[in-house]
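Here are the chains, one letter per residue:
Number of protein chains: 2
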Amino acid sequence: MAGDISIGELSRRAGVKVTTIRFYEGAGLMPAPPRSEGDRRLYDAGHVRRLSFIRHARELGFEMEDLRTLLELSDRPDGSCGPVDEIAGRHLAAVEGKIAKLTALKGELSRMLETCNHGAVGECRVIEALADHSHCGGEH
Amino acid sequence: MAGDISIGELSRRAGVKVTTIRFYEGAGLMPAPPRSEGDRRLYDAGHVRRLSFIRHARELGFEMEDLRTLLELSDRPDGSCGPVDEIAGRHLAAVEGKIAKLTALKGELSRMLETCNHGAVGECRVIEALADHSHCGGEH
DNA sequence: CTTGCTCCTACAGTGACTGGAGGATGCAAC
DNA sequence: GTTGCATCCTCCAGTCACTGTAGGAGCAAG
Numbered sequence: 001m002a003g004d005i006s007i008g009e010l011s012r013r014a015g016v017k018v019t020t021i022r023f024y025e026g027a028g029l030m031p032a033p034p035r036s037e038g039d040r041r042l043y044d045a046g047h048v049r050r051l052s053f054i055r056h057a058r059e060l061g062f063e064m065e066d067l068r069t070l071l072e073l074s075d076r077p078d079g080s081c082g083p084v085d086e087i088a089g090r091h092l093a094a095v096e097g098k099i100a101k102l103t104a105l106k107g108e109l110s111r112m113l114e115t116c117n118h119g120a121v122g123e124c125r126v127i128e129a130l131a132d133h134s135h136c137g138g139e140h
Numbered sequence: 001m002a003g004d005i006s007i008g009e010l011s012r013r014a015g016v017k018v019t020t021i022r023f024y025e026g027a028g029l030m031p032a033p034p035r036s037e038g039d040r041r042l043y044d045a046g047h048v049r050r051l052s053f054i055r056h057a058r059e060l061g062f063e064m065e066d067l068r069t070l071l072e073l074s075d076r077p078d079g080s081c082g083p084v085d086e087i088a089g090r091h092l093a094a095v096e097g098k099i100a101k102l103t104a105l106k107g108e109l110s111r112m113l114e115t116c117n118h119g120a121v122g123e124c125r126v127i128e129a130l131a132d133h134s135h136c137g138g139e140h
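One line per chain: the protein sequences are Z and A, in this order. The numbering of the first sequence is my numbering, which starts it at 1 and goes up by one. The numbering of the second sequence is my numbering, which starts it at 1 and goes up by one.
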């Protein structure tokens, strides 16, 4: 039961850098674990699960603030999962918004590159397009 | 010709906050303009163009480092626009990569929300999906 | 002369880490 | 026992692209 795990080992198992683990501890996402006599952090399998959860959620783009709530909720398994769905739903909408923005942006970049005749900067369509803000529908 | 523009007016015309303009000056993207007797910055139409260029490029997601190069290039209109195309092309590839990542992410989020039966956190599919890292093809 | 807006500098804070300095610990080989 | 190396510790500064605040000065209108 006491299969103690060093911070380096935890780092390898969860795929999170050692410094980042310590940062998460300071930020309150990971608990301060017990220490060895030589003051080293001693983790267990529960910490690996929690850190993997954090890593996965961060990869999915959840902010640390969301993560704090998500972790708190997952610690109390008998509560309603409504707030969890709310956070995930809000995040999904944000992701969809980002995709839409990036797709528009990609269109503008492609257009810029296609119409450029690759001569001198003076006639560069890319530079012109960047300077001329008028045809990209920006608010202002 | 001397239609002097205050920093606030420049801010309104280019759609960039006053503090951000001063930040750009410190960062070397905007030149330090002449000053009035009362030590206020005096801009002209050229500054409006340059700042609009910067704003537009930033909106398109170019980093300040890229911007420095882009601005330098646009100041010498007789050079080749090859480097410009290179920067824009690199950026386009990055944008396409981001879109792909976000689309995968959107799929995972949707799947999580769809399969959740909205009961207690203990059975919440969203929490489970976040905890279980195995089926999302993450490297590790 | 006062009110209220704009402007000035200088510096701290954001989010989510990352990296380095300078030192302690742990363990294996010699 | 000691040498050497990897790993660990804390603390703090830096990253990016700003944003916000404090504390003051300039300037035009009423």
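Each hint should be verified, as a subset may be incorrect.
Listed next, the in silico DSSO-like pairs over lysine-lysine satisfying Cα-Cα at most 30 Å (straight line) [what the hints assert, rightly or not]:
| id | chain 1 | residue 1 | chain 2 | residue 2 |
| --- | --- | --- | --- | --- |
| 1 | Z | K17 | A | K17 |
| 2 | Z | K17 | Z | K98 |
| 3 | A | K106 | Z | K17 |
| 4 | Z | K101 | A | K17 |
| 5 | A | K98 | Z | K106 |
| 6 | Z | K17 | A | K101 |
| 7 | A | K106 | Z | K101 |
| 8 | A | K17 | Z | K98 |
| 9 | Z | K98 | A | K98 |
| 10 | A | K17 | A | K98 |
| 11 | A | K101 | Z | K106 |
| 12 | Z | K17 | A | K98 |
| 13 | Z | K106 | A | K106 |
| 14 | Z | K101 | A | K98 |
| 15 | A | K101 | Z | K101 |
| 16 | A | K106 | Z | K98 |
| 17 | A | K101 | Z | K98 |
Note that these hints are calculated values from the structure, not bench results.
- request: Take a quick look at whether K106 of chain A and K17 of chain Z sit within 30 Å of each other, Cα to Cα.
  value: holds, 26 Å
message: K17 of chain Z and K17 of chain A were given as a pair; does the straight-line alpha-carbon distance stay at or below 30 Å?
response: violated, 37 Å
message: Check whether the Cα positions of K17 of chain Z and K98 of chain Z lie no farther apart than 30 Å.
response: holds, 28 Å
30 Å limit on alpha-carbon distance, applied to hinted pair K101 of chain A and K106 of chain Z: It holds: about 14 Å lies between the C-alpha atoms, which stays within 30 Å.
task: Assess, step by step, whether the Cα of K101 of chain Z is no farther than 30 Å from the Cα of K17 of chain A, and give holds or violated.
output: holds, 22 Å
- prompt: Holds or violated: are the alpha carbons of K17 of chain A and K98 of chain Z at most 30 Å from each other?
  reply: holds, 23 Å
message: Please verify whether K101 of chain A and K98 of chain Z have alpha carbons no more than 30 Å apart.
response: holds, 11 Å
message: What's the verdict on K106 of chain A and K98 of chain Z, does the C-alpha distance respect the 30 Å limit or exceed it?
response: Measuring from Cα to Cα gives roughly 10 Å; hence the hint holds.
field: Given hint K106 of chain A paired with K106 of chain Z - CA-CA distance at most 30 Å
entry: With a Cα-Cα distance of about 18 Å, the restraint between K106 of chain Z and K106 of chain A holds, given a limit of 30 Å.
message: Would the hint linking K17 of chain A and K98 of chain A be met if the CA-CA limit is 30 Å?
response: holds, 28 Å
task: Quickly compare the C-alpha distance for K101 of chain A and K101 of chain Z to 30 Å and report which way the hint goes.
output: holds, 14 Å
- prompt: Would the pair K101 of chain Z and K98 of chain A pass a check requiring their Cα atoms to be no farther apart than 30 Å?
  reply: holds, 11 Å
Hint 1 alone, counting from the list given before, is not met by this structure.
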